[in-house]
Amino acid sequence: MESDEPMSEEHTIRIDVPASHRYLNVLGGCIAELFSRIDGLHEPQVVSYNVQLAVQEICANIVSHAYQGLAPGRIAVSFTVDQAPRRLVVDVRDTGRSFDIDAVPEPNLEEAQIHGYGLFLVRQLMDEMVYTPQGNNNHWHLVKNL
Amino acid sequence: MESDEPMSEEHTIRIDVPASHRYLNVLGGCIAELFSRIDGLHEPQVVSYNVQLAVQEICANIVSHAYQGLAPGRIAVSFTVDQAPRRLVVDVRDTGRSFDIDAVPEPNLEEAQIHGYGLFLVRQLMDEMVYTPQGNNNHWHLVKNL
Amino acid sequence: MEIIITDHVVRIVVVAPQDRVDAFSAGELRERLDQLLAEGTSMLVIDLGNVPFLDSAGLAVLVSALKRARQANGDVKLVWPKEEAARRILRLTRFDRVFSMADTAEAAISSF
Amino acid sequence: MEIIITDHVVRIVVVAPQDRVDAFSAGELRERLDQLLAEGTSMLVIDLGNVPFLDSAGLAVLVSALKRARQANGDVKLVWPKEEAARRILRLTRFDRVFSMADTAEAAISSF
Ligand SMILES: Nc1ncnc2c1ncn2[C@@H]1O[C@H](COP(=O)(O)OP(=O)(O)O)[C@@H](O)[C@H]1O
Ligand SMILES: Nc1ncnc2c1ncn2[C@@H]1O[C@H](COP(=O)(O)OP(=O)(O)O)[C@@H](O)[C@H]1O
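Residue numbers (numbering that gives the first Met the number 0), protein chains in the order written: chain A, 0 to 145; chain B, 0 to 145; chain C, 0 to 111; chain D, 0 to 111.
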């Protein structure tokens with residue numbers, strides 16, 4: 000689970016968690032604290048929540064789907080605070096199964112359904128979402144403009 | 000900055016931050032969320048705060064002292080929730096300068112002083128603190144019994 | 000003239016989670032709701048007032064409770080979370096149209 | 000008989016940080032306090048009531064303000080943080096003996 004960015008990046012935080020629902024909240028804690036160190040945001044609390052939710056959805060899917068039935072794996076997440084343009088970049092990597100994201104239907108918002116809101120929420124809440132499936136090293140690239 | 004523990008550990012979280020005071024709060028956010036997933040603690044808020052403070056002191060020292068005058072470095076932290084015995088183990092690694100911890104005097108609590116509370120607090124708040132200086136890979140091993 | 004007067008007590012149960020409802024903790028909320036539904040409670044208020052964070056696994060629990068309650072001719076009403084960002088997610092997913100929403104548990108109870 | 004009556008107004012300034020005071024943010028607090036001290040204010044209340052977290056860099060700022068204020072024949076009084084764990088740290092480091100402590104800013108002001 001190597002990352003593309005050099006280790007010296009001064010505004011990059013890397014966190015690597017077990018692929019278990021129990022500890023995904025830790026990512027939310029990181030994001031909340033990261034946002035508390037970014038000044039001058041409009042509605043910082045809402046933006047922080049939205050990024051937390053998007054990352055939670057991506058990682059919960061990795062636990063429930065990518066690693067389903069596999070030996071316990073890990074999820075590697077990096078957060079980079081960019082200044083120009085002002086944005087938060089989140090990269091998420093797993094070594095589980097990949098899938099065909101284009102085959103996933105949009106949720107039907109006319110009637111409440113039990114499944115299918117996860118990726119919809121990520122698309123709505125983030126400015127970019129790129130999924131690069133790659134056998135044993137799947138990559139989610141998320142961007143939130145600030 | 001390799002770690003001793005196998006990557007598959009199901010209760011280990013690894014986080015790697017720039018050696019900059021700005022982002023050390025992120026470690027506190029992780030610890031707070033970790034504690035919210037540990038049931039049945041006596042005074043969970045106080046225990047969580049104390050671990051946050053100990054880790055903050057160790058890392059702030061690394062930024063201010065170990066990397067002082069060096070190129071921007073990183074701090075690698077791992078948290079492991081052990082069940083038997085019930086404890087939180089924190090390992091902190093840096094690639095900065097090492098120092099002689101035995102040469103550091105205790106603070107004189109009779110009069111308020113500006114420096115010297117950091118290591119004192121860590122010793123008071125944690126159950127174990129072992130510093131292993133090693134040229135380019137210094138290691139702090141902290142344990143809090145739960 | 001015979002007049003039959005009967006008293007009816009309708010039991011409405013308010014369930015108010017106090018923490019994050021996510022893929023880890025949603026199972027516990029689902030179990031509580033399933034238990035209430037299995038016991039015959041079909042009028043439920045889920046008070047999200049103090050819920051600081053709700054993910055799609057949390058949303059799934061709400062929908063499955065709604066479906067089961069309506070099958071039993073009951074309903075699930077929601078109390079808006081205080082957290083503004085969470086309120087917006089309920090709007091984005093149109094949950095505020097599928098569920099009847101209230102500002103307080105009392106308002107939700109009296110709307111049954 | 001000549002009686003001279005003069006009015007004295009003593010200026011006491013209350014500084015109440017609302018966030019975490021740590022190695023990153025302590026510098027900002029120190030600057031504010033230094034500015035007040037440089038302007039001649041020597042009676043200061045630092046209200047830690049809403050400070051959720053305070054590390055040793057934060058403690059250092061309190062001590063250096065105390066030293067400067069006392070040099071100017073003034074004093075720095077502290078208001079206890081609401082956060083219980085932070086209160087315990089002030090006891091552990093004996094800051095509660097070095098500083099005069101109060102439960103509220105009003106109490107701190109009237110103790111000058
Ligand atoms: N990381 C992943 N690995 C494998 N499959 C995934 C992954 N993320 C999503 N999927 C697939 O996409 C579907 C839709 O995901 P999502 O919108 O999050 O809804 P839900 O998880 O509730 O079904 C999932 O049911 C699953 O089949
Ligand atoms: N990680 C470190 N690397 C190098 N020197 C350190 C480190 N941690 C502590 N020290 C030394 O130990 C001394 C005492 O540290 P501490 O008790 O935290 O108080 P303070 O940092 O306020 O001086 C420091 O002044 C420094 O000289």
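In short, the hints are calculated from the structure, not lab data. Among the hints, erroneous ones may be present.
[Claimed, not checked] The calculated DMTMM-like cross-link candidates involving lysine to aspartate or glutamate, where the alpha carbons are at most 25 Å apart (straight line), are:
1. A:Lys143 with A:Asp38
2. B:Lys143 with D:Glu83
3. C:Lys66 with A:Glu105
4. A:Lys143 with B:Asp15
5. A:Lys143 with C:Glu82
6. D:Lys66 with B:Glu105
7. D:Lys81 with C:Asp102
8. C:Lys66 with A:Asp38
9. D:Lys81 with D:Glu105
10. A:Lys143 with A:Glu8
11. C:Lys66 with C:Asp102
12. C:Lys81 with D:Glu105
13. D:Lys81 with B:Glu42
Verification of the supplied hints:
1. A:Lys143 with A:Asp38: 15 Å, holds
2. B:Lys143 with D:Glu83: It holds: about 19 Å lies between the C-alpha atoms, which stays within 25 Å.
3. C:Lys66 with A:Glu105: With a Cα-Cα distance of about 21 Å, the restraint between C:Lys66 and A:Glu105 holds, given a limit of 25 Å.
4. A:Lys143 with B:Asp15: The given pair, whose Cα atoms are some 21 Å apart, holds under the 25 Å limit.
5. A:Lys143 with C:Glu82: Distance of about 21 Å is within 25 Å: holds.
6. D:Lys66 with B:Glu105: 21 Å, holds
7. D:Lys81 with C:Asp102: Since the Cα atoms of D:Lys81 and C:Asp102 sit roughly 30 Å apart, the hinted pair is violated (cutoff 25 Å).
8. C:Lys66 with A:Asp38: 44 Å, violated
9. D:Lys81 with D:Glu105: Answer holds: D:Lys81 to D:Glu105 is near 15 Å, not above 25 Å.
10. A:Lys143 with A:Glu8: OK: A:Lys143 and A:Glu8 at ~19 Å, within 25 Å.
11. C:Lys66 with C:Asp102: 22 Å, holds
12. C:Lys81 with D:Glu105: At roughly 32 Å apart (the allowed maximum being 25 Å), D:Glu105 and C:Lys81 break the hint.
13. D:Lys81 with B:Glu42: This hinted pair holds, its Cα atoms lying about 15 Å apart.
Violated hints, in rising order: 7, 8 and 12; the structure is consistent with all others.
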